[in-house]
Amino acid sequence: MTLMDHRTYLLSTICATLFTKLHQKNEKKITERRSVTSMAKTQAAHSNSKAASLHWTAERMLSVLLLAMGPVAYFNPGPVIDYSLAAALTLHGHWGLGQVLTDYVHGDTKIKMANAALFLLSTITFTGLCYFNYNDVGICKAVALLWSK
Amino acid sequence: MVLLVYSEVNQDSNLNLFCFFCFFFVFRTLGRQSVCLAKPQYSVLYRHVAPMGSTAKEEMNKFWDKNSRLNRPMSPHITIYKWSVPMMMSITHRGTGVGLSGAISAFAVAALVLPGSYPYYLDLIHSLSIGPFLTGLAKFGIAFPVSYHTYNGIRHLGWDMGKGFKIPEVYRTGYTVIGLSVITSIALLMI
Ligand code: HEM
Ligand code: HEM
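Chains as they are written, first to last, in my numbering: chain Z, 849 to 997; chain A, 150 to 340.
If you're looking for bench data, these hints aren't it; they were derived computationally from the structure. Keep in mind that a hint or two might mislead.
To be verified - Result set (PhoX-like, lysine-lysine): computed pairs, CA atoms no more than 25 Å apart in a straight line:
#1 Z:Lys989 x A:Lys288
#2 A:Lys215 x Z:Lys960
#3 A:Lys231 x Z:Lys958
#4 A:Lys215 x Z:Lys898
#5 A:Lys215 x Z:Lys958
#6 A:Lys211 x Z:Lys960
#7 A:Lys288 x Z:Lys997
#8 Z:Lys958 x A:Lys315
#9 A:Lys315 x Z:Lys898
#10 A:Lys206 x Z:Lys960
#11 Z:Lys898 x Z:Lys960
#12 A:Lys315 x A:Lys231
What the hints assert, rightly or not - Each pair of labels, with its calculated beta carbon distance range:
#13 A:Phe212 x Z:Thr957: 26 to 36 Å
#14 Z:Gln947 x A:Ser233: 30 to 40 Å
#15 A:Ile229 x Z:Tyr982: 50 to 60 Å
#16 A:Leu219 x Z:Leu915: 41 to 51 Å
#17 Z:His903 x A:Gly307: 15 to 25 Å
#18 Z:Met961 x A:Glu318: 32 to 42 Å
#19 A:Ile316 x Z:Asp951: 18 to 28 Å
#20 Z:Pro927 x A:Gly311: 36 to 46 Å
#21 Z:Met917 x A:Leu219: 44 to 54 Å
Just so you know, even glycine gets a beta-carbon here, dropped at the ideal spot from N, CA and C.
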């Protein structure tokens with residue numbers, strides 16, 4: 849195992865930084881959206897609901913993108929689609945699990961802890977998938993090998 | 150979000166029809182939030198909501214405080230409502246989504262911590278000669294959640310565009326999703 853080798857270290861740093869940057873930018877908007885999704889949302893400020901609906905649209909666009917990536921991966925397997933899948937799968941799962949947390953986790957501290965844990969999980973997932981694409985056979989080949997035997 | 154409706158509905162049986170309207174209407178409302186919040190045709194959802202001078206967050210907190218004070222169970226109350234196919238499909242979409250995400254994360258962690266390569270472990274598993282039944286079962290265990298979540302995801306995207314909200318359509322598309330998922334996963338087993 850070469851978990852701590854130089855390349856991996858670099859890769860994880862890049863992944864983590866990217867993910868954090870994107871996350872910080874959206875976190876505020878997402879939190880706003882979450883507090884808006886109650887019956888009382890009639891009361892919500894308009895700027896919040898604008899950000900909320902943008903985030904909602906981004907989630908649907910990502911789902912459509914993920915759907916399209918299936919056939920593309922089948923006909924055009926390779927590094928480009930490997931890394932795109934790593935990113936799209938991680939983000940779709942991150943947003944999806946975020947919704948599940950919003951539904952079932954209550955209380956300010958617990959929500960904060962759950963979101964921090966999810967953020968950590970998603971960062972590790974993205975790093976691991978990139979590591980796999982770089983150092984191993986990659987996602988497309990992995991699925992093909994799994995099914996070929 | 151599942152919990153919001155709790156205070157709006159008495160726990161009568163026979164509310165299924167209303168519930169599926171809640172289900173889809175709220176969804177659509179969320180999607181077009183900025184446009185349709187005040188439109189009269191959604192008033193069925195909002196007629197219990199008195200005008201308030203507080204923020205959404207404060208209202209949510211009040212709601213939760215009241216729920217814990219009265220020791221209310223989680224919504225939807227799993228044992229009260231009569232189970233229906235769309236409810237089961239809804240929770241299965243969530244189950245497959247969470248399950249697949251978990252599997253992907255586990256895979257990613259394994260890639261980081263395990264010393265060997267993917268083909269090495271694949272060969273290792275095959276050298277155990279576990280037999281066609283178990284390999285088939287394992288493949289089905291991957292193929293079914295993926296195809297179900299994908300087909301049902303398309304169904305969700307349809308709702309998100311405002312299509313397919315009529316109750317007969319909900320059932321028809323639901324059965325289509327189940328049928329296609331079974332066919333697809335069996336086909337994937339055979340290749
Ligand atoms: C195999 C990889 C996939 C994983 C790991 C995954 C994971 C998830 C998770 C965790 C959720 C949240 C569940 C919930 O909130 O109830 C979700 C929701 C969703 N997924 Fe996926 N998903 C995958 C593939 C897809 C594909 C290919 C599509 C496109 C058709 C799709 C469409 C959706 C939609 C539309 C939702 C939102 C459902 C809602 O509005 O509640 N997913 N997914
Ligand atoms: C035990 C039965 C039920 C189960 C297992 C269940 C499950 C779920 C799940 C997993 C979601 C989120 C994912 C999705 O949008 O598909 C959801 C959302 C929702 N459910 Fe239920 N549900 C049940 C009963 C009900 C009932 C009885 C009502 C109404 C009275 C209801 C109203 C809603 C609403 C309004 C949403 C929000 C949709 C949105 O996210 O915009 N549910 N339910």
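Here is how each hint holds up against the structure:
1. Z:Lys989 x A:Lys288: holds, 16 Å
2. A:Lys215 x Z:Lys960: holds, 21 Å
3. A:Lys231 x Z:Lys958: Measuring from Cα to Cα gives roughly 31 Å; hence the hint is violated.
4. A:Lys215 x Z:Lys898: Outside the cut-off at roughly 30 Å; violated.
5. A:Lys215 x Z:Lys958: At roughly 18 Å apart (the allowed maximum being 25 Å), Lys958 of chain Z and Lys215 of chain A satisfy the hint.
6. A:Lys211 x Z:Lys960: Roughly 19 Å separates the two Cα atoms, so the pair holds.
7. A:Lys288 x Z:Lys997: holds, 11 Å
8. Z:Lys958 x A:Lys315: Since the Cα atoms of Lys958 of chain Z and Lys315 of chain A sit roughly 38 Å apart, the hinted pair is violated (cutoff 25 Å).
9. A:Lys315 x Z:Lys898: Violated, because 28 Å separates the two Cα atoms, which is more than 25 Å.
10. A:Lys206 x Z:Lys960: Satisfied, since the Cα-Cα distance of roughly 15 Å is no more than 25 Å.
11. Z:Lys898 x Z:Lys960: holds, 23 Å
12. A:Lys315 x A:Lys231: This hinted pair holds, its Cα atoms lying about 19 Å apart.
13. A:Phe212 x Z:Thr957: 26 to 36 Å: Since the Cβ atoms of Phe212 of chain A and Thr957 of chain Z sit about 18 Å apart, the hinted range of 26 to 36 Å is violated.
14. Z:Gln947 x A:Ser233: 30 to 40 Å: Taking Cβ atoms as reference, Gln947 of chain Z and Ser233 of chain A lie about 22 Å apart, which means the hint is violated.
15. A:Ile229 x Z:Tyr982: 50 to 60 Å: holds, 51 Å
16. A:Leu219 x Z:Leu915: 41 to 51 Å: holds, 43 Å
17. Z:His903 x A:Gly307: 15 to 25 Å: 20 Å Cβ-Cβ, so the 15 to 25 Å window holds.
18. Z:Met961 x A:Glu318: 32 to 42 Å: holds, 41 Å
19. A:Ile316 x Z:Asp951: 18 to 28 Å: holds, 24 Å
20. Z:Pro927 x A:Gly311: 36 to 46 Å: The hinted range 36 to 46 Å holds for Pro927 of chain Z and Gly311 of chain A, with Cβ atoms some 38 Å apart.
21. Z:Met917 x A:Leu219: 44 to 54 Å: holds, 47 Å
Hint compliance for this structure: hints 3, 4, 8, 9, 13, 14 are not met, and every other hint is.
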